[in-house]
Amino acid sequence: MDLDRACFRRLYEDLLDHDGEPRRFLAGRRRTVAAHLAGLAPLRRRERIPPGGCTGDVEHLWRMMKLYALSRVSDYLIEQGGAAHTHFFTEIGLTPFEHAEAFSPFHHEISAVVQDPGATRVTVEEVLWPGFWFGDLLFCRAGVRVRAPRHLIDAAVATTSTLYFTFRRASRPAGDLSHGWGSQSQWRTSFPRFYADEAGLHLNWDGAIDIGEDPPHRPAGRLGDEAPLDERRELLLHRCFVRTALPRDEDDRFPYNDRLSLTTAEWPMNPDAIVRTPRPE
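Heads up, the sequence shown is in the working numbering, so the first residue is 1 and it goes up one at a time.
Don't take every hint at face value.
Stated by the list, open to error - Pair ranges (Cβ atoms, derived):
#, residue 1, residue 2, range
1, V114, A34, 30 to 40 Å
2, G20, P271, 42 to 52 Å
3, P247, R24, 38 to 48 Å
4, E79, A100, 42 to 52 Å
5, A27, T244, 27 to 37 Å
6, T244, E125, 18 to 28 Å
7, R23, P247, 33 to 43 Å
Bear in mind the hints are in silico, worked out from the structure with no lab data behind them. The structure displayed is predicted, hence computed values, not measured ones. For every residue, glycine included, the Cβ atom is placed at its ideal position computed from N, Cα and C.
Between the sequences and the hints, there should be enough to build the whole structure, so can you do that?
Given below as structure tokens:
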């Protein structure tokens, strides 16, 4: 199918204008959306990032911008609750998962916390909505309620700090690269790519700065980040703060340049799980 670049944007805007039940509205769009999603198949697998990033591949960038627009539909349906989110994304060809056997900040978005001083680790109490895969690409994480001691997950911090790489959440502040741009420019935002494959878990694969290094190496021409490395890792791994006493600028961080690859996504993060993924210079 032709790469109709505004297809998913129109779907999101029409969904906002629709007064009825989302599931019935989306049923009439399912076949068209599935065909357009199939056209984004090159994003299903992680590719080697060339020097300077992927800025020279225009079609690749358009695919990431188109998938970003579909992620807004996901954010909206998560806010609505119910089964519409699960049914729609399963029907258009994404693969649902719960990963309920163990808590993983790569796979799970913390939506609620049971604070338990007697707990020794973080456990999943309930899956509130499933996550979805697009091949090896993580389209959205599963929403979970966890049980945890305060020194690992602070309930107030984990559920009220800014949730980055996210356009909207009704229950908390959210932030992504589209915020602050005009009605047209905001749709040129790229989908943030988090991959799981045989080489590991790759967080924000398009980020230029590998924060697995200590100190991180900043490529020429990239802005530096003076925040402590442990804060940057916590923020990228969870996409929000979960236990750090909230810094004054927690709603004004910029994790979008950071990248991290791991063999497993545990919390607390195991330094031995870090995988170096050097980019060609």
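Run the structure past the numbered hints and jot down the numbers of the failing ones, going up. Hints 4 and 5 not satisfied by this model.
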